[in-house]
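With chain A's structure known, arrange chain B on it following the hints.
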Amino acid sequence: DVKVTQSSRYLVKRTGEKVFLECVQDMDHENMFWYRQDPGLGLRLIYFSYDVKMKEKGDIPEGYSVSREKKERFSLILESASTNQTSMYLCASDPVGRGYSNQPQHFGDGTRLSIL
Amino acid sequence: AQKVTQAQTEISVVEKEDVTLDCVYETRDTTYYLFWYKQPPSGELVFLIRRNSFDEQNEISGRYSWNFQKSTSSFNFTITASQVVDSAVYFCALSEAGTALIFGKGTTLSVSS
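Those sequence lines, one after another, are chains A and B. Mapping of the first sequence onto this note's numbering: residues 21 to 136, in sequence order. Mapping of the second sequence onto this note's numbering: residues 60 to 172, in sequence order.
So that you can see chain A by itself, here it is in the shape it has in the complex (with noise of 0.2 angstroms):
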């Protein structure tokens, strides 16, 4: 069965740390995504991936980075965590790379991320 993993379900960090939020999916996935979910709002597109090293810009970009060194892994990372970055974030991925590919995603459980 179809699993992606995120490291944390919860994490709590303070004003100015970096911060990695791990994502791994086990499906050898190409297109994999970082997500924020705020009340209100709903999910809004950090990040996206398609290959190895390969990454677009989302909706909301500013103030993360991601890492993609090898194909199951995606991490999602804060340089310089700040308060208005406390939000749910959610990891997903599908199965049809080299762009976006209009099949259904697989996502985590989420990580509720707050900063103090």
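It is worth saying that the hints were derived from the structure and are not from the lab.
Capping the alpha-carbon separation at 27 angstroms, the derived lysine-lysine pairs in DSSO-like fashion look like this:
(1) A:LYS77 with B:LYS62
(2) A:LYS38 with A:LYS75
(3) A:LYS38 with A:LYS91
(4) A:LYS77 with A:LYS90
(5) A:LYS23 with B:LYS97
(6) B:LYS164 with B:LYS97
(7) B:LYS97 with A:LYS77
(8) A:LYS77 with B:LYS164
(9) A:LYS23 with B:LYS164
(10) A:LYS75 with B:LYS62
(11) B:LYS164 with A:LYS75
Covered stretches of chain B, as calculated for chain A (at least 3 residues, CB under 8 angstroms):
(12) 89-102
(13) 156-169
Ideal Cβ placement from N, Cα and C applies to all residues, glycine included.
Just chain B, lined up with the frame of chain A:
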């Protein structure tokens, strides 16, 4: 530009009631895809259905049914005889061919016993 509107922020029903979740979309493309996802309290979004713009057939899957109407740009979702386990946040989403998925803001459904 693409847009998805879920006008109902929260809906509360009692078990066994039928409930319809509304989704209205905007797109200028002729080829596009519509999705529904369910997010239970555990947090993981679960894919429910995908429909492409050329297939206007309604679909039924158990207690779930979907009504796609291009004339009104709507893709509504009905749960028949709701159950407590249906309590979740439901998201409608849209993607044009080769573009990112755009989500609505979600509808929180609460089903009480």
